[in-house]
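For the record, the sequence lines run as chains C and V.
Start counting the first sequence at 1; every next residue gets the next number (this note's numbering).
Start counting the second sequence at 1; every next residue gets the next number (this note's numbering).
Below, a sample of chain V positions facing chain C; criterion: calculated Cβ distance under 10 Å:
#1 147
#2 154
#3 264
Just so you know, these hints were derived from the structure itself, not from any lab.
As the structure is a prediction and not an experimental result, all values here were calculated from the model.
Every residue gets a Cβ at the ideal spot worked out from N, C-alpha and C, and that includes glycine.
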Amino acid sequence: MTASHVAPARELPIPDPKAEVERSVRVERLLLYLKVLRKTGKAFSRNRLGVIGVAILISFVSMALIAQPLHSIDLIQDPNDYMASSDSTQILKGPSGSHLLGTDDKGRDVVSQLFYGTKNSLIVGFAAAALTMIFGSSIGLVAGAYGRAVDEFLMRFTDLFLVIPWLPFAVILASFLPPLNQPSMYKIIIVIGLTSWPPSARIVRSQVLSIRERTFIERSIALGAGKLHIMRRHLLPNVFPLVFANAILAVSSAILSEAFLAFFGIGDPTKITWGMMLYNCYNFGGFASRAYWFVVPPGLCIVLVVLGFTFISYALDEVLNPKLRKR
Amino acid sequence: MQARAVLLRKIVNLVITLWAVWTLNFLLFHMLPGDPTHALLPPRVPHDIAEKMKATFGLDKPLLEQYFISLRTALSGDLGYSWFFKKPVFDIILYRLQYTLLLVGTGTFITMAVGVKLGIIAGTNRGKAKDITIVGSSLAFYAMPAFWLAMIFLMTLAGDLDLFPLHGFRSYTGTSQTLVEEIADRLWHMVLPVLTFVLITLSEFVLMMRSALIDVLTEDYIATARATGLAPNVIVRKHAVPNALIPTVATFAMYIGWAVTGAIMIEIVFSWPGIGSLTWQALIQRDFPVLQGVFLIVAVTMLVANLVADIAYTYIDPRVRL
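Extracted from the complex, chain V is given alone in its bound form (with noise of 0.2 Å):
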């Protein structure tokens, strides 16, 4: 019951940093300077004209009640209206979502999978040459600009070895492709992305991993294990590791800060059509709503991201409380 109550006022706590977050982006935006008809209409028209667009986007009326008509229509789904893209905000921050997962998605599996093995590795050969090549190399990889490692894979791997292309998400040959081809040609565009995205995140998981371990493995019952001459590497396996997962899943929420950054730069240099380059060409063309709904659609992603962690964390360990 008591769990009941807690869960509650999380989410009750989510929905008002929510609603912060919606009147931040509003009053961000409206104080911005710079004029939006600048960005529609071109350059020297009338004023007359300038002042109708304000008229149809409803920028002449008070501030007050714009916010009211814009929090009530994101209420309803509807985020408003690119002024560059000519679409509806919603409808484009979905259509670029779906690259964006693809891209993430594919990576956080891989950097998961990679950097649980790896930090594992470490973390039993301790001060050993394994654990001082691993640890050192992924607080390498954390030290790059993801731009950087995006831009020396480009022009090393896709430029002068032409081994994977140098751009976009499918090549575009003029003559129709078989599904497996299709497949495949994705597939190969996703590969230096996913590398990009998989080393500058690893060291999140390696170095979470490997800590909790080290620290698991100085436990009584760890000692006991010894004591009762179980193989070490069936210590490791059965009774450290499990215990060593539970801080990782912690770390989660801020890993989540970490490649929202990078795959915004990784997007950039590969022309990835995913959120990243949406937020790029938004910036550039002023343009305000899809700025904005972006904002919104990463705010609550990591919201919900950190909910599940809580959540996530109380069912793997008995001993948290919510």
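Bound conformation, chain C alone (with noise of 0.2 Å):
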């Protein structure tokens, strides 16, 4: 690790000064990061949404988490393992006391469900919200960098993408996916990353179409600076925080959409999510012969876990945002 078994041992070891300058820069820079972040983290604490929606979102996120554990202690069935959860004597019964809300058109246990599901969905919220971000944030900042052709390209294609019918389109993409006519969740990940990035390319273009009128990028040019250096150190950490509070968001329209998706059917029904569940209720009887304890739990995740990344993201956005700051 050491200079002294590359160099002899005689020489004294030179310094870089471009090098000191270079790491000097770089801890003043970790610092002032880490000085912002405190800040932001204090602003945020103070605002009352914000901690609601984080609140939601950490019981959310543990639910997720203990779903394995709580199965492995037997206080909750994997709903996934069709043979183990379904009882033929216990469909569709109202709560009681070894079913706490009741259970579904196979039997099955709603609260095991909800925990399997909490888990299904999140995992395919986020990766999705992951896909989405890094599509539209790289499209969005390719044609912001380049412009002119480029720009108008991908603009169009951007425009195309906004103007199909999302749900049939995403339908039908699926259906391309292989292994074909065998669902699965990555599929509806896929799928909703490529069918969401648009508003986030055009948002993050038109913040890098701001950002390349200021004086430091003429400057940078002018030393010599090549695009894809410009869009590496002066474009992308420039619009990280937009894309940052962009993705949570994106999260929680990824949610909606897998619950959307599964309501069409293009769900895996070995993997319970929300909207499977919404899908089996509607489909199978849940909902027909009215079993409230059913429908309603699975919505009613979906409407907390959405409303905590929005009351998330208008906490950073009024923390972030020093024009939205009361006066």
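Take the two lone chains, each set in its own frame, and fit them into one complex as the hints suggest.
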């Protein structure tokens, strides 16, 4: 590790001034980030909506995390294990001591499904949001940075995706993904990622366009920086807060989208999500026989999680955007 | 003169996007796995009959030739022939479109009126109980999956309380109805679908109007108006609201995208015979011509709505250049 292995021992280590400066700049930058982060965190924790949002989020994430442990101590059943969890004598029974929220159309415990549903819905939500933001921000970044024909082409491409009716398009896309005729959760994630990036691409692009006009970019170009360098070192760090704020909303809309897709019948029946529960309700008698205990909880979970993410994003907006601060 | 040039460019862009939608549409459906003859013919028919069927629909021709044929027929207003409904696609869509427009049109009208009104109340009472209630409840409805809200309404209001019909757009009593009765009956069937639609789309207008109003209220000319001693409600009504309405128009394009998806879900749950349930049926039946037609119609609607919103924007706000 040390330099003495490489350099002959007699020679004095010559300090490289450039590396020195770079290191100190890096340290400074890190300290600055930390300071901003702490300040933001403090302002955030004073925001009531933000705190409620974080609380909702934490409770759902912990629900997702304890699903497996609870199953291993036999408190809940794994609804994906059809043989073990379904009970033909307990079909669509109301809440009772052994089934706190009753059972579904296959005699499976609703509470257990909620735990596993939370886990799978959150996985889909986070993964799909990450994909959305990667697609959206890279297209927006390239369009904004290169401008002209590239911009024109990419924006037409984005417009095209914006005007296609989302739901049927997503369903058709899903039928292209391998393995064919076999529903799976990863398909849902990819489909949501591939269909919901346009708004974020537009937002990132407009932000890039405004940053591009600032003098420090001009200076950088004058110093001979290439497009890639400017994108990586100047544009990306500057749009990152925006991308982050958008990603939070993307998670909530991905969870909603998953519910829509599952309801449309392209969910994975072996992986219970909130949307899948509602699909089962609607199609297999829970809805028709007015089984409130089965219909209401998954929908309420969706509402709560989406609200939680929305609250967090509002609070972040208020903390980060000085224009919105109360006077 | 310049405005006209920009407008022309926008229209050219619209045509290009439309063509791209059409091409993507064509490619998507022709690469879709699954043989359409399976949907048309009973199982286990002889192979040569399936081939004959393909030839009738021109599915045996090379892809490029099929593309130009379909483009030409589409330009002449012929969107093809439905495999499932056995009718021209254009007629089916036109018929179904009435119902969707009835639902979405009525819903949008109510949403805009109520949303703007609530947004003004929330914006002028920022941070107070009224504001928090309005924003909180419209966000809660935004967070609901449309089909879930529809299901809950059906279970409670139509099912348990028996206040509203369970499905469809009119009742089939067998006895003849007078005109008044028929209108009342149809309105009765519209209440729940429209209510669901309004509730899930409300937040778009409420939040936009609220934040625009808050923004406008910090402008200098409002301070001036205050200094002249105008009554607060006059300032809001006469000076702030007209300007705050401008960005609300711009969200219209985004709102339409949201409304289409919401409307599909609502139509399915309420068995409303519009474009949404048509899409659903076409997807299940693998009725590609109908799906293609729906794609095209929705894309055209959204593109035109965008253009109209753009133009309206410049008319309302002279500061914006097209």
